[in-house]
Amino acid sequence: MSALLDVDNISLAFGGLKAVADFRLALQTGDLAGLIGPNGAGKTTVFNLLTGVYQPQAGQIRLENRVLNRLRPCQIAAAGVARTFQNIRLFGDLSVLDNVRIACHLRCRHGLTSAVLRTCRHHGEERAITERAFELLTIFNLANRAFETARNLPYGDQRRLEIARALATSPKVLLLDEPAAGMNPQEKRELRELIRSLRDRFGLTLLLIEHDMGVVMDICERITVLDHGLTIAIGTPGEIQKNPKVIEAYLGTPGELAPGEVV
Amino acid sequence: MAGTTERGRDLQPGRAAATLSSVLPLVIGIAAAYVLHTYVKPRLDPFYAKVLLDIGINVILAVSLSLVNGFTGQFSIGHAGFMAVGGYTAATITYYGSHRLWGNAQFHGGFLSWTQANDLFEGTWLGGGDLLFPLACLAGGLVAAGMGYVVGLPSLRLRGDYLAIVTLGFGEIVRVIIQRTDDVLYDAEEIQQAGLWTCVTHVGGALGFTGLPFYTSLFWTWLFVAITLIVAYRLKESTHGRAFLSIREDEIAAEAMGIVTTSYKVRAFVLSAFFAGVAGSLFAHQVGTTLNPRELGFQKSFDIVIMVVLGGMGSISGSVLAAVVLTVLPEVLRTFSEYRMIVYALLLILMMILRPQGLLGLRELWDAWASRRRPKATGAG
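Chains as they are written, first to last, in the working numbering: chain A, 1 to 263; chain B, 1 to 381.
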C-alpha cells in the first residue's frame, strides 16, 4: 500500500553544510509520528522542505502519489499539507477569528468581483467561513476570545490558535513544529489529549517536532530521530528510548569526557 | 466537516434581499453626490466648494493607496505616477475626443458636470460631455490599472525599502516621459487629421495640458468617492480583504495558509492604481488647475503617503479622516501665510510622536459600535 505522504530520500545542503541528507518518511492515513533530534539537527528544515519553503536538491516528496517538489508553499497548502511554526507566526494585529477565517480562504470559491458586488454566493460563503471558524475555535476553547487581538493572547493560547488556523485549511497532513514549547505541565497534558482527538475527529495524519520527551513518547506511534541532518533511528517510542545511537546523539559517548571531568 | 462552498450554498440569503443590499449603498452614494451638487453647492462660497472638491479627490487617493500600503503592507510611494497616467489618458480622450465629436474642446456637459467656469452651460440636463467624461475617467482608471500590474510585478520579489524605490522610480519615469511630449494641438483641422499616436504624444509636455474642458463637478467627484469607499469597505470585510491583510501581517504564514501572495499583491496594485487613475482624471478636469507633470511629481506621492500613515495603516475611515484634515489644514493655516508649511510639518511630527500608529491605527470609526456588528456564532454543527 502506498503511503499518504511519501518522502523519498530528500536532501538539502546550504553551501557545504548538509542540512538534511537522504531523509525518508512514509506516513499512512491516521499516523501520529514524531520527529526529534538535538538542536540544529535539521528538523525544522525538514518541515520547510515538506511545505515548499525550501526545494529539495534531491529526492521526491509525494502526497497521495502527487509529486510536491517545486510547488510553492500556497500550492502545497492547497494540496493538503498544513503546518504551524516554531516561533509563532500568527497574524498578530488581527482578531483571533480573522486568523482562522484567513486560513479558510483557501477552500473558498467566490471571486473578488463577487465580494465587491456582494452576491448571494459571497454572503453564503462568508457565513460558512465564519461558522466553520467558530466551530474550530470552539474545539480549541478559544471561541470566547474570538474578537481579541491575536497578539494579546497568552502564549499557550497562541500555540493552540496556530493549530486551529492550520486546521482551517482542511489539511490531510498536519505538521506541528514544537506545539508544546512554552506550555506549562497542565497545558501540555491538555495538548496531548487535543492532538489525539484531532487525529480521531478529522482523520488527520500528524507529524510533530517536539523537544518534550514526555509528550513525544506518550502520543507518537513512530519516531524518526535526526542528528546533523542524518536519520539515525526510526522506530516506536520504546525502541527509540533504548537505541544507543539516539542516546549518543543526545548525551554524547562515554569516551568524549575525560575521566573525572566535571560537566 | 463539509467544505465552505457547499455549506455556503445552504446559507445564501434570498436573491431579492441580496440584490437590494448590494445596490443600495451605491444608490445612496449617487443620491448624496446629487444632493451635494444640486442643493449644497449653490449655497456655498466657491472657495468652500473647491475645498470640498479637493477633499473628494484626496479621499479617493488616500483610500486607494491604503489598499497597497495599508492593507497589503507593501510600501508604494509612486501613487502620483498612477494619477498622472490616468489623468493624461482621460484628458487626451476628452480633449481630442471632443474635437472629433463636436469640432471643439469646449464644455459639452449638462447639469451634472456644471461648474461656475462653464458659462456655456445651455440648460440641458444631460449633455454629451456627461457621458464622455465618466467614460474618460474609467478609461484613465483602466490604463492606470494596467500600469499598476506592471509596477506590481517587482513587488513579488522586492519588499520594504527596495519596493519603495522602484515605485518612486516609476513615478519619476512617468513624469519625465510626460515632460518630453509635444505641445497640445490647437488647430481644429489639424486635430481632425491627427492619428491616435499623434494625439497621445501631443499632451503639452512641461507646459501642461491646457485647454481642457472643466467637467469635474462635485457630483462626479463624490460619485467616485462613493464607489471607492464601497469597494474598499466591501473588500476589507471579505475573505479577499483578509487575504490582503494577512500578507501585511506575515507573508510567510499567509503563504503557508494557502494565500497566493503573489497574485494578491498584484491585485492590490491593480485596484489601487485604478482608483488613482480615476482621481487623476478628476484632478485633470478641475477648474483653475492645469494638468501639469510638475504637479504630479513625488511631492504629490508623499502627500498621499502622509495621509495613509497619518490615518492609520489599513483603516479606511482613518484614511478618509486624514485626507479631510490634511486638505483643510493648509487652508486654515493660510492665516499664518509663509509660516504655514512649518506649522503643517510640526503638526505632523507631533502626531507621529504622540500617535505613531496613526489617528485610528488599524481600527475603523465604526468599530466603536463593533459589538453590534460582530458576526454571530451561528449554531455550529
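Bear in mind the hints are in silico, worked out from the structure with no lab data behind them. Don't take each hint at face value.
To be verified - Among the chain A residues that face chain B by a calculated CB cut under 10 angstroms, a handful are:
#1 Gly59
#2 Glu64
#3 Arg118
#4 Ala168
To be verified - Over the 10 angstroms line for every Cβ pair with chain B, so calculated as not near, a few chain A residues:
#5 Asp6
#6 Asn39
#7 Asn152
#8 Asn184
#9 Pro185
#10 Glu193
#11 Gly235
Said to hold, decoys possible - Short, incomplete list of chain A residues facing chain B, as computed with Cβ under 10 angstroms:
#12 Ala82
#13 Phe85
#14 Arg101
#15 Ile102
#16 His123
#17 Leu153
#18 Tyr155
#19 Gly238
#20 Lys242
Every residue, glycine too, gets a C-beta built ideally from N, C-alpha and C.
Against the structure, test the hints numbered earlier, and report the numbers of the ones violated in rising order.
-> 1, 2, 17, 18, 19 and 20
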